[in-house]
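Residue-level listing of the chains:
Protein chains: 2
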Amino acid sequence: MVKIEIITIGDEILIGQIVDTNSAWMAVELNKTGFELAQITSVHDDENHIIESLNLALQRADVVLFTGGIGPTKDDITKQTLCKYFDTKLVFNEDVYRNIESILINRSQAINELTKLQALVPENCTVIQNLVGTAPVTWFEKDGKVIVSMPGVPNEMKHVMSTEVIPRLQKHFKTPSIIHKTMIVQGYPESALALKIADWENALPENIHLAYLPNYGIVKLRLSGSSDDVLSLEFAINQQIDRLSEILGNAIVAYEDIPLEKLIGDVLAAKGKTLATAESCTGGFIAHKITSVPGSSQYFKGSIVAYSNEVKVNVLNVLAHDIEQYGAVSKEVVEQMAVNVRKLLKTDVAIATSGIAGPDGGTAEKPVGTVWIAISSEKETISREFHYGTVRLQNIERITQTALLMLNEIS
Amino acid sequence: MVKIEIITIGDEILIGQIVDTNSAWMAVELNKTGFELAQITSVHDDENHIIESLNLALQRADVVLFTGGIGPTKDDITKQTLCKYFDTKLVFNEDVYRNIESILINRSQAINELTKLQALVPENCTVIQNLVGTAPVTWFEKDGKVIVSMPGVPNEMKHVMSTEVIPRLQKHFKTPSIIHKTMIVQGYPESALALKIADWENALPENIHLAYLPNYGIVKLRLSGSSDDVLSLEFAINQQIDRLSEILGNAIVAYEDIPLEKLIGDVLAAKGKTLATAESCTGGFIAHKITSVPGSSQYFKGSIVAYSNEVKVNVLNVLAHDIEQYGAVSKEVVEQMAVNVRKLLKTDVAIATSGIAGPDGGTAEKPVGTVWIAISSEKETISREFHYGTVRLQNIERITQTALLMLNEIS
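In order, the protein sequence lines correspond to chains A and B. First residue of the first sequence: 35, per the numbering used here; consecutive thereafter. First residue of the second sequence: 35, per the numbering used here; consecutive thereafter.
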């Protein structure tokens with residue numbers, strides 16, 4: 035398999051000013067097209083460090099993809115460094131200059147000394163036009179290996195990767211096909227799941243690899259394989275999934291890698307059902323997760339975030355007497371919240387949460403992390419008590435995920 | 035300066051299943067506490083590759099921080115690899131076992147063979163308890179250098195970094211005192227702000243460094259200095275802040291680096307005022323941000339997430355006629371939402387949002403990214419129109435930040 039390494043150049047990532055989303059995108063695209071991404075390295079705009087990283091990467095990999103460090107300002111030195119590495123010099127490139135001109139005209143900007151410098155490219159490389167930005171892509175070859183330098187601006191990088199770099203790499207190397215299939219499993223902690231499927235896992239063929247990706251009450255199981263014969267690989271992976279499906283049954287809630295809120299939305303949309311939430315401790319986070327899915331207005335009507343007891347009583351019509359007697363974090367209250375929001379917002383199903391998110395506010399009887407979740411439909415209203423930790427945001431995320439899982443299980 | 039490298043272990047990043055947000059967070063924290071993050075390396079769960087990366091990192095840096103690869107399943111091999119590297123063996127640790135037990139009891143899970151394995155730790159290392167997860171942190175020292183292995187689960191990593199790893203590194207390396215002071219500036223784009231304060235910036239003493247951290251309508255200005263004489267450094271930085279304060283006046287909305295939702299919460303709590311939100315396009319995200327602050331129940335009563343027009347009319351009493359005439363994304367509707375939620379939830383102030391978050395759903399007249407935000411108090415109701423992009427989650431975040439800024443500006 036052709037091994038690729040990414041080297042990102044620039045201080046922004048190493049001081050945490052930006053999150054490196056480029057590499058994740060590139061990883062997905064490279065994997066899909068049959069390359070193995072073997073390492074990602076992030077280094078500063080420092081000549082020695084860049085050269086050292088390139089030397090090391092070329093010892094391990096067939097291709098090195100640089101992103102970043104090719105802007106027109108003084109701190110960007112990738113182009114100069116590559117010139118030094120490949121013992122060549124910068125020359126003026128007429129085509130690049132014309133591209134810069136047309137890009138800047140589009141942006142209503144005049145060309146200046148600095149942008150003009152972008153038309154200088156290393157003499158002994160293949161220049162690939164960047165049609166969405168002013169910094170060109172440069173492609174070098176050395177001892178059968180390929181080194182490409184690309185812009186770090188996400189949309190420019192994505193455009194040149196999709197339209198030029200990956201197609202050229204596929205042509206240059208003959209790449210095998212890669213298949214990943216992900217299943218989402220509910221109801222098993224990671225370790226219990228591993229024990230449950232140990233025999234199946236141990237009997238997996240050598241060319242199929244399993245990964246566990248646990249996340250708050252679900253575990254994603256990912257099977258990966260690579261082969262020149264894509265059809266028999268697909269057949270073999272599907273066969274394994276069928277076997278696993280026999281072992282785990284309904285615990286497998288999805289046979290694709292989608293967020294839970296999307297999974298639930300798809301089910302609701304397919305059944306033509308509508309949803310509302312009544313949230314106390316989750317403070318609107320469940321509504322946020324659900325509405326983060328485009329098109330969620332098809333099944334989500336809204337939420338009453340009843341953070342104060344007053345709102346629970348006045349808007350959600352929870353009995354004040356029950357809050358007094360059982361406390362806001364109780365079966366009685368959370369069930370009323372679920373039933374009443376369902377009626378108030380006229381939906382088919384509803385989720386309600388009431389708990390102590392922390393870090394303070396607990397009692398001996400109801401410590402921080404205690405939470406009640408209810409799911410209500412015309413047919414039934416079910417509630418459960420859970421106990422989590424004391425880290426507020428973690429609790430909010432866990433309670434949200436648990437509530438979505440309960441909805442998925444029940445509806 | 036003490037040099038640190040991060041090595042992330044695990045296939046998830048290299049196949050692009052997750053974005054490496056951990057490293058950006060760590061970069062910020064390390065920079066704040068006086069360390070230099072020199073490189074980030076992401077490698078697979080592969081023994082040779084992990085060892086090679088560690089060897090190389092130790093040639094360049096004083097500290098190597100591993101994240102990931104320490105779960106209980108077969109694919110996780112970091113612990114075993116470190117045992118091999120440090121020529122030691124795994125031993126059972128009673129304290130870790132008790133921590134695992136208490137974590138699992140909290141999660142209503144039974145301990146099993148695999149979770150029990152988490153209590154096995156390398157013999158010759160310092161074990162640091164992970165109070166929010168089952169995988170402990172291990173700390174090794176070799177030739178004056180420090181190697182730490184941490185969980186890759188973001189909240190676990192953040193918790194152990196903040197409470198244990200960074201304080202121990204500061205103690206171990208006797209780092210010089212670093213002072214960072216951050217101001218939050220509202221109302222200037224980054225470049226306009228830079229021009230406004232250019233003279234002041236150019237006259238900064240050499241040992242005081244300025245960074246611009248722009249984020250959706252605010253710019254954080256961070257002054258940093260390091261010195262063995264912490265008192266005179268503090269004096270010098272405060273002097274600069276006083277000068278800047280004369281230049282920028284009220285545009286500086288905070289003299290500390292706190293989230294906007296905390297800033298607003300502090301102001302509301304100090305004035306004894308209460309808040310509600312009525313959210314359409316933000317879908318509960320404003321309520322979530324506000325309730326992510328511990329103690330927010332003191333001033334936040336709740337929210338009506340009126341995602342469907344039906345809820346806007348039936349629960350928030352928006353005039354159906356106005357929705358028909360002006361559209362849900364209009365000055366008329368958003369102002370009614372704000373006024374009515376304030377009355378319904380009996381609060382002093384209220385925020386309302388209505389917009390088209392995208393990626394679809396726009397029209398020629400109201401393209402995706404169009405949003406109306408209103409702030410209502412007993413005294414007045416103010417609304418403004420904004421235009422953002424087409425990326426849904428980014429829009430939801432921007433609208434939320436803008437709404438909080440409007441509230442801060444007006445109240």
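Worth flagging that the hints you see were computed from the coordinates, not collected in a lab. Where hints are given, some of them may not hold.
Any copy, or any two copies together, can satisfy a pair, since identical chains are not distinguished.
[Said to hold, decoys possible] In silico EDC-like pairs for lysine to aspartate or glutamate, Cα to Cα no more than 20 Å straight-line:
| id | residue 1 | residue 2 |
| --- | --- | --- |
| 1 | K37 | E86 |
| 2 | K192 | D356 |
| 3 | K179 | E414 |
| 4 | K377 | E344 |
| 5 | K215 | E70 |
| 6 | K305 | E198 |
From a predicted model like this one, the values you see are computed outputs, not experimental measurements.
Hint numbers not upheld by this structure, sorted from lowest to highest: 2, 3 and 6
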